[in-house]
Every structure is written in C-alpha cells, then in structure tokens.
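A.B. asks: Fit chain B to the given chain A structure using the hints.
There are 2 protein chains.
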Amino acid sequence: MKQLAAAHQLVTAVLKGDRRAIARAITLAENGTRETRKTVSLLYPHTGKAQIIGITGPGGVGKSTLVEKLVKELRKRGKTVGVVAVDPTSPFSGGAFLGDRIRMQDLSTDAGVFIRSMATRNNPGGLARATKDAVHILDASGKDVIIVETAGAGQSEVDVIKIAQTIIVILAPGFGDEIQAIKAGIMEIGDIFVVNKADRENADRAVIDIQAMLELSNDEGKWRPAIIKTTATTGEGTAQLLKEIEKHKDHLAKGEAELRQKNIVETELTEAIKQKFTEHLMGELRKSGRMEELVSRVLARDIDPVGAAEELFTEQTGKSGSKAE
Amino acid sequence: MKQLAAAHQLVTAVLKGDRRAIARAITLAENGTRETRKTVSLLYPHTGKAQIIGITGPGGVGKSTLVEKLVKELRKRGKTVGVVAVDPTSPFSGGAFLGDRIRMQDLSTDAGVFIRSMATRNNPGGLARATKDAVHILDASGKDVIIVETAGAGQSEVDVIKIAQTIIVILAPGFGDEIQAIKAGIMEIGDIFVVNKADRENADRAVIDIQAMLELSNDEGKWRPAIIKTTATTGEGTAQLLKEIEKHKDHLAKGEAELRQKNIVETELTEAIKQKFTEHLMGELRKSGRMEELVSRVLARDIDPVGAAEELFTEQTGKSGSKAE
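Residue numbers (the numbering used here), protein chains in the order written: chain A, 152 to 476; chain B, 152 to 476.
Among the hints, erroneous ones may be present.
Each computed DSBU-like pair below joins lysine-lysine, with the alpha-carbon atoms no more than 35 Å apart [stated by the list, open to error]: (1) K167(B) x K405(B); (2) K438(B) x K189(A); (3) K413(A) x K438(B); (4) K470(B) x K400(B); (5) K470(B) x K470(A); (6) K223(B) x K438(A); (7) K470(A) x K413(B); (8) K400(B) x K425(B); (9) K200(A) x K425(A); (10) K413(A) x K470(B); (11) K373(B) x K405(A); (12) K413(B) x K438(A); (13) K223(B) x K438(B); (14) K470(A) x K313(B); (15) K470(A) x K425(B); (16) K153(A) x K227(A); (17) K425(A) x K189(A); (18) K373(A) x K167(A); (19) K167(B) x K438(A); (20) K313(A) x K438(B); (21) K438(A) x K153(B); (22) K405(A) x K313(A); (23) K200(A) x K227(A); (24) K189(B) x K153(B); (25) K200(B) x K438(A); (26) K438(A) x K189(A).
These aren't lab readings, by the way, just hints derived from the structure by calculation.
Excised from the complex, chain A in its bound form (with noise of 0.2 Å):
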C-alpha cells in the first residue's frame, strides 16, 4: 500500500517534469523491479506525444559531437529534449575523452535538457527494456523530442533504436569496413544518413558509397532516405539535418506514421511478451531439476539442444516438437 503510494506520489512529480522525479524513475527502471512497472504503467497513458529520434553508428564517427549540437539546436527552437544514450562510446555513458564529457556538462544545467546515459549490465535483455522505459517516462514527463543514442549494428543496439520516430545512421569518411558492417545490420533502418567530419577529403567519397547502397533498396513511393553532411565539431549541417528530421516527421504524417507506430508497439509487446514467458519457464525447469538433466543428456550427447527443446515442448503441450514443412 505504501509502495503504492510512493508510486503514484513519483508518477505525479514525472508528470510535472520534476528533474529528480524522472532522473528516480529511470533508475527504477534499471532496477527492473516491481515498483518500476507500477510507474510505468501510472505513466504510460501520459505518453505518445513526444518526437523521437533514434541515432546510430560505430564508434568514432562523432555521434555525441552532433547530438550534442542537435540538442542545442532544438533548444534555439524552444524545445525541451531528452537524451538517452545507451552508447558505450558516448561521453554520456562516461566511455569517451575527458573533453566531450565538459563539453556535455554545460547542457545538463539546462533545465529544459534531461541527459541519462543507461547502465550497461550483462543482461541485455534488461538494458533494453531499461532504456524503452526510460524513452516512455520521458515522453510522459513533457519532453518534446527525445533522442536515442545506441552505437555499434549489433542486433540488441538495432532493437532499441527501432523504437524512434526518425532513425539517423551516421557515419564519418574513410568508414569503408563500418559501412560493410552497417549494410548488413542498420542499412535497411536508417531513414537519414549523415556524413559526419564532411571537412575531411574522402567525404563525397562516403556519400556515394551511400547513395550506391540505397539506390539498391530504393522502392518507388516510399520515403527516400536523405544523406547530409555534417562537421559536428564546428556545427555545420546541423541545422540542415533538422529540417529533414522535420521533412521525414511531415512524410509519416501523410500515412505511414500509424504503421510505424503500430509496428513499434508489436515489437516492444513481443518482447515484453517473450520475456515475461521465458524467464518463468526457464526458472521452473531450473527449480525441478529439469533443466540439469536435460544439460546432463546433451553434454552425453544422447541428444541434441533442439531435440532435447522439442522433447520438452512435447511433453508440456502435448503437441509435436518438430515444425513441419
């Protein structure tokens, strides 16, 4: 009853956009505990009006440099900004130089900035659902843009930012081997590309090389990611890459944003779904001992790891295990 109380006295502060309020209900969310999901869900009907914008890219390409501008460029325009940074490079998350972390201080006296790099822990699972709970309480919290830092085209970084509005994949000139990398993961998500450090001598270079890439996956009618080129440290670009931020808001506007949005929510609830299902299977057959003896026959190989699943699938269904053709 009590926790319940304080719940709801937190969710009231969030609402009003009490930095200290919204800076305990994140860590609640790390936390991952019951009391993170009553807020959560206390905030969750507040949320759906902020714009969010997911940035990607490998390390050393200048990401926090051009979210930082990004930040501040929004704020000219009047608008409160959270960031959620959940980069393991990014000066946010304390992994980068000494000099881009004072350089991020003097937006964090900004009131009407929130920066919160997200822990990483050894579950994985966990800091994406941390980090979607804290997109959610800062929605709900009145922030009007909240940005998505993750690093790296790994599927975990790819399922997180997969939460924004507009996704902006970043890349730096002489990337070639990260661009190869990006093909595989993040090229099909990315809605803008930006061409960051564009004063170096290879950056057209770097825009073809995109634009080669995208002309293979182009489809008539859809939206035709844009690629802008920045100078993150100087500022350059910055204010071009709003305007198609913008531009891509009015295109989703006209139709897809529905579909879009749909799809987000089906994927965050498969998630949340799998999660919830697994973790308490796994926990009962660990529990009886299940678990162990089916670890014991597989390590004498008397079967193998699917086979030993679809047994366990059979046996707790009664339904066949193997999936027919």
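C.D. replies: Okay, now just chain B, sitting in the frame of chain A:
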C-alpha cells in the same frame, strides 16, 4: 520415409568428410527446416572432438587476414580446419575488398580446409542457430579445428562466439573508441587478446590499454589472458598466437574444460528452449487474434507493453504476472 532416408544418406556422407555433403548440410541448417533438425540430431553424437576457436573484434582490424594466416599455420601442422564466418565485413561473407576475397581462394582449393560464410538474415536468432549447427556439422565431419569468426560487440555476436572453447579478441592500434565499446561487451569473454597491425607506431600503447583493462578484472588462480602482437599481412606473430591457443587449451584441460563445456551446452539449450516455446506462443497469439487485440490496447495507451504481457501471463498460467521483490 523418403526424407528420413535422405537425411541418413547425407549424415553418412558428412561423417566421411564429404565436402558437398557438408555444404548441403549447412545450407539446410541455414534454411532451418525439419530435415535440418533430423540431420543435426543424427550428427550430434559424433560431435565434441574438434577444437573450437572463436575470433571476434571490430571491423577493419584485420580479423580475416589473421584467420587466413592461422588456417595456413594450422595446415602446416597437419590439422584439418573448418571456418564459419558470421562477419558481414569478412571476405568470406563477401563483405570486404576484392583483394581479400582472392587471397582466400587458395585456401578453399585445399581439401583439408572448409570455409563457409553464413548468410546474414533478418532473423538474428535464426542466424545464431544456423551458425551453431554449422559448427556441429563441421565437428562431426572430422575437422580438427573449427574457427568461428564474428564481428562487432553486439549481443548476438557475443552469444554466437560463446560456442568456442578459446575466444580471441582482436584489436588494432588507434582503435581507442572500439576498445571502449569492447569493454562493455566482449572484454570479459576474451581468453586471448591480439593487437594486430603491430607494425604501427602506437601498437604498444594499445597493449598497455588492454592490460590496464584486464588488471581490473583479474582473478587469482584464473586464466590470465595473454596479449599477443601480430602483423597479419606478413604473418608475424601467428605462430605465437597458435602457441598461446594451445596453452589455453592445456589450461582448460586441467579442470575448467568440463565447466566450460557445461556452460556452452546450457546456453545453447536455453536458447533452443526459449525459441521453441516463444515461437509457438507467438504463433498462437497471432492466430487467435489475441496479439492484434493487445496491440490495439497498447496503441490506445490503455495498458503498457509489459503490463499487457503480465496480464496475458496471469490469464494463461493462473499465476501472478508481477515479479515479487
């Protein structure tokens, strides 16, 4: 019946080390059909003999060149080798420069070497599953050593590489940001660290950086990861790396090997169980229209995604959906 006979025939050919049969079995694994499961389950009792080495690291550090040199070194010692590349930047997967790909070709004409790149698919769970199956197939086919190459520090890559008995993390000088990224993801899982491109001036700096990070997580009595400098383009350091791999193998043989194998099996089994049960659950929820209904309620913000998952869980199991503190 006919299908079963075909599976048996394929299995017999794989066990003899027949190249075309191995290739066909891995293609089946990529497709993830019922036939695959039969094939892998028949092969599984014949696995467990190969030494499995995992190689991971960011794009551009020279992973593939190092793999190539390692294979040649192993061949000199009379070992047969299988290579499974799940690295989008790898020349094996067709991602990298033409020059690399040509260099690899003289390996693929060697009957003692089997190289396979796994197709990147939209379903990362499927790719991880197929990669593990490919390792089992090569193991059963009698290859002495199997090298699994992955790129990046994403969670799915880490999950795949964990099938290896010895994990090598490869970096290059000047990859400071990458090292930061790795800190969060694969630093803890590396048994051996390689600083490639050791002919570059700041190679020693990279070694010191890695050392500093390892100090922090050093446990008494445990294996202490070595840091090896290599120049993959000339082959320098490869022999030393191989020596270190053997040293690690000997270390495992002193007692840790069993625990490690148990962890590998447990991880693979857990993934297989989760996939089997959630695949079925999600299928049912879609078929019954329950998923659609839940998505609508979340879209209307009547309920949050995790709340919806908990409601569903209580409904189906009669148990409380909330995690007690």
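A.B. asks: For every hint, state whether the structure bears it out.
C.D. replies: Consistency of the hints with the structure:
The suggested pairing of K167(B) with K405(B) holds, with an alpha-carbon distance near 32 Å, which does not exceed 35 Å. Restraint check: the Cα-Cα separation between K438(B) and K189(A) comes to about 30 Å, which is no more than 35 Å; the hinted pair holds. Distance restraint check for K413(A) and K438(B): the Cα-Cα separation of roughly 18 Å lies within the 35 Å cut-off, and the hinted pair is therefore satisfied. A distance of roughly 46 Å separates the Cα atoms of K470(B) and K400(B); the hinted pair therefore is violated under the 35 Å criterion.
A distance of roughly 23 Å separates the Cα atoms of K470(B) and K470(A); the hinted pair therefore holds under the 35 Å criterion. The straight-line distance between the Cα atoms of K223(B) and K438(A) is roughly 48 Å, outside the 35 Å bound, and the hint therefore fails. For the hint linking K470(A) to K413(B), the alpha-carbon distance of about 29 Å falls within 35 Å, and the restraint holds. Proximity of K400(B) to K425(B) is assessed by CA-CA distance (about 31 Å); at most 35 Å being required, the pair is judged to hold.
For a cut-off of 35 Å, the pair hint linking K200(A) to K425(A) stands: about 27 Å separates their Cα positions. The suggested pairing of K413(A) with K470(B) holds, with an alpha-carbon distance near 29 Å, which does not exceed 35 Å. Among the hinted pairs, K373(B) with K405(A) is inconsistent with the structure: their alpha-carbon atoms are about 60 Å apart, more than 35 Å. Distance restraint check for K413(B) and K438(A): the Cα-Cα separation of roughly 18 Å lies within the 35 Å cut-off, and the hinted pair is therefore satisfied.
Restraint check for K223(B) and K438(B): the C-alpha separation of about 52 Å exceeds 35 Å, so the hint is violated. In summary, the hint linking K470(A) to K313(B) is supported, as the alpha carbons are separated by about 31 Å, within the 35 Å threshold. Among the hinted pairs, K470(A) with K425(B) is consistent with the structure: their alpha-carbon atoms are about 16 Å apart, no more than 35 Å. Among the hinted pairs, K153(A) with K227(A) is inconsistent with the structure: their alpha-carbon atoms are about 42 Å apart, more than 35 Å.
Taking the CA atoms of K425(A) and K189(A), the gap is about 20 Å. The hint holds against a cut of 35 Å. Among the hinted pairs, K373(A) with K167(A) is inconsistent with the structure: their alpha-carbon atoms are about 39 Å apart, more than 35 Å. Pair hint K167(B) plus K438(A) does not hold up; C-alpha atoms about 42 Å apart against a cutoff of 35 Å. A threshold of 35 Å between alpha carbons decides the hint, and for K313(A) with K438(B) the separation of about 25 Å falls inside it, so the pair holds.
For the given pair, K438(A) sits about 41 Å from K153(B) by alpha-carbon distance, which is inconsistent with the 35 Å threshold. A C-alpha spacing of about 20 Å is found between K405(A) and K313(A), which places the hinted pair at or below 35 Å, so the restraint holds. Distance check on the hinted pair: K200(A) and K227(A) sit about 20 Å apart at the alpha-carbon level, within 35 Å; holds. In summary, the hint linking K189(B) to K153(B) is supported, as the alpha carbons are separated by about 13 Å, within the 35 Å threshold.
Taking the CA atoms of K200(B) and K438(A), the gap is about 32 Å. The hint holds against a cut of 35 Å. The suggested pairing of K438(A) with K189(A) holds, with an alpha-carbon distance near 27 Å, which does not exceed 35 Å.
The structure shown violates the earlier hints numbered 4, 6, 11, 13, 16, 18, 19 and 21.
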